[in-house]
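From just these sequences and the hints, can you work out the full model?
2 protein chains.
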Amino acid sequence: MDRYRQGPLKLKAQLFCGTETAIGPGKAELLDAIDREGSISAAGRAMGMSYRRTWLLVDTMNRCWAEPLVEATAGGGASKGAHLTPCGRRVLDAYRALEAALAKAADGPELEALTVLLAGGPRPRRTPGRG
Amino acid sequence: MDRYRQGPLKLKAQLFCGTETAIGPGKAELLDAIDREGSISAAGRAMGMSYRRTWLLVDTMNRCWAEPLVEATAGGGASKGAHLTPCGRRVLDAYRALEAALAKAADGPELEALTVLLAGGPRPRRTPGRG
Chain A
2 MDRYRQGPLK LKAQLFCGTE TAIGPGKAEL LDAIDREGSI SAAGRAMGMS YRRTWLLVDT
62 MNRCWAEPLV EATAGGGASK GAHLTPCGRR VLDAYRALEA ALAKAADGPE LEALTVLLAG
122 GPRPRRTPGR G
Chain B
2 MDRYRQGPLK LKAQLFCGTE TAIGPGKAEL LDAIDREGSI SAAGRAMGMS YRRTWLLVDT
62 MNRCWAEPLV EATAGGGASK GAHLTPCGRR VLDAYRALEA ALAKAADGPE LEALTVLLAG
122 GPRPRRTPGR G
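Sequences listed follow chains A and B, in order. Counting from 2, one number per residue, gives the positions in the first sequence under my numbering. Counting from 2, one number per residue, gives the positions in the second sequence under my numbering.
Be careful, since some hints might not be right.
Since the list gives no way to pick one copy over another, a pair counts as held whenever it fits inside one copy or between any two copies.
Said to hold, decoys possible - Restricting the straight-line Cα-Cα distance to at most 25 Å, the calculated cross-link-like pairs of lysine to aspartate or glutamate (DMTMM-like) are:
1. Lys81 to Asp108
2. Lys81 to Asp36
3. Lys81 to Asp33
4. Lys11 to Asp33
5. Lys11 to Glu68
6. Lys105 to Glu21
7. Lys81 to Glu68
8. Lys81 to Glu30
9. Lys105 to Glu68
10. Lys105 to Asp33
11. Lys11 to Glu21
12. Lys81 to Glu38
13. Lys11 to Asp94
14. Lys13 to Glu30
15. Lys13 to Asp108
In short, the hints are calculated from the structure, not lab data.
What follows is the structure, encoded as structure tokens:
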């Protein structure tokens, strides 16, 4: 999730399809995990998510794009797996490229101006008052 | 909050001070509201937040930067207000400039590649299955 966290800065890019998130940091991480693990359930376990939650995230992605991003690997059986489709690969690559473009753009004078004003850590909390 | 939402894209930039958010979309909106309303309580009301939550957000900001971002307006009394400090103005301006730089960087071929692959709206949800 903190792939593009630069020092104190955290960036998040989400693409919406209606009111649903078509891709964002969590779904991109899930696509990476499916690509690596070769199955939806193993990817979910690797990310510490329930199978139901993992499946719902995949289903949302599969409904939000021109074509599904994840499909069952042919063959079936008890160890039936899943893999990224060509559309899934294109979406993941373009999303990572977008994140990289944002990270590059963030590394400029605006962030420098903010960083020099940041305290090293928060000072202790005061007690509430009116103001 | 959707100030820099471009079509299907939503961007979020947060700066952290330790584990606390020193500035992000919500806190920037609150600074704008304090600047406009001239008081913390009126700003919170304008954003539909409780006074306690509003005050805690201001307190976090005031502890996270080299100097406080918001201070009580001199004079006091029942209608005592609040305003941005010079540091608060600099932080808000630099954060808005960072958001603008990100929005500009996002408006490129990576977003175009994603947008052409997005469906117009999500297709209906399937029933869960293994894959």
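Violating hint indices (sorted, rising): Violated hints: 1 and 9; rest satisfied.
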